[in-house]
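K.L.:
Sequence:
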Amino acid sequence: MWNYGSIPQTWDDPEYIDPNLGVGGDNDPVDILEIGRNVGHVGEIKQVKILGVIALIDNEETDWKVMSIDINDPMASSLNDIQDVEEKMPGLLAATRDFFRNYKVPRVGKCNIFGFNGEWQGRDFTEKLLEETHGKWRELLFRKNEREK
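Heads up: the sequence shown begins at 1 in the working numbering, then just goes up one per residue.
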């Protein structure tokens, strides 16, 4: 379905309450899903094109899931925003949302919910989100460095 990883130098700050979602971050780097044809391996670094994001609310924390494609994938030139994914790969976005809604049900007994009524947000929104979470990561490093002085 997709390769799963995280975006280095991003941080979803648990103390920052997102005004659109009403909850803080999950205290992790932002998660990324890569939908190219090749299966990645553990620790692999890929250069990707950002396509969109969905706001999973997991245990009262925001857990962003960024959708992307490997820039070397044959489909990369035809996928530029989240609506292109639905057009070229029908059902993938719904299946991905359903997976993240239900994947913890066997363990915790309830479904996850989503911000924005479960709608995927486009590339522009996602790029702004990544700029913000990169800024939060930089602030985190600055605070850590200040404490160590």
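Everything labelled a hint here was simulated from the structure, so no lab data went into it.
Hints are not guaranteed to be accurate.
Said to hold, decoys possible - Taking lysine-lysine and the DSS-like style, the derived pairs with C-alpha atoms no more than 27 Å apart in a straight line are:
1. Lys110 / Lys46
2. Lys88 / Lys46
3. Lys49 / Lys88
4. Lys110 / Lys49
5. Lys88 / Lys136
6. Lys49 / Lys128
7. Lys49 / Lys136
Stated by the list, open to error - Cβ pair distances, simulated, as ranges:
8. Ala95 / Glu44: 29 to 35 Å
9. Leu140 / Tyr4: 31 to 37 Å
10. Asp28 / Leu92: 36 to 42 Å
11. Asn80 / Val39: 19 to 25 Å
12. Val105 / Phe142: 20 to 26 Å
13. Asn27 / Met89: 15 to 21 Å
14. Val108 / Glu131: 21 to 27 Å
15. Asp28 / Ala94: 33 to 39 Å
16. His41 / Asn102: 34 to 40 Å
17. Phe142 / Ile17: 28 to 34 Å
18. Glu127 / Asn72: 28 to 34 Å
19. Val108 / Asn80: 34 to 40 Å
The structure presented is a predicted model; accordingly, all values stated were derived computationally and were not measured.
Here a beta-carbon is modelled for each residue, glycine too, at the ideal position from N, C-alpha and C.
K.L.:
When the hints from earlier in the document are held up against this structure, which numbers fail?
P.N.:
Hints 1, 4, 5, 8, 9, 10, 12, 13, 14, 15, 16, 17 and 18 contradicted; others consistent.
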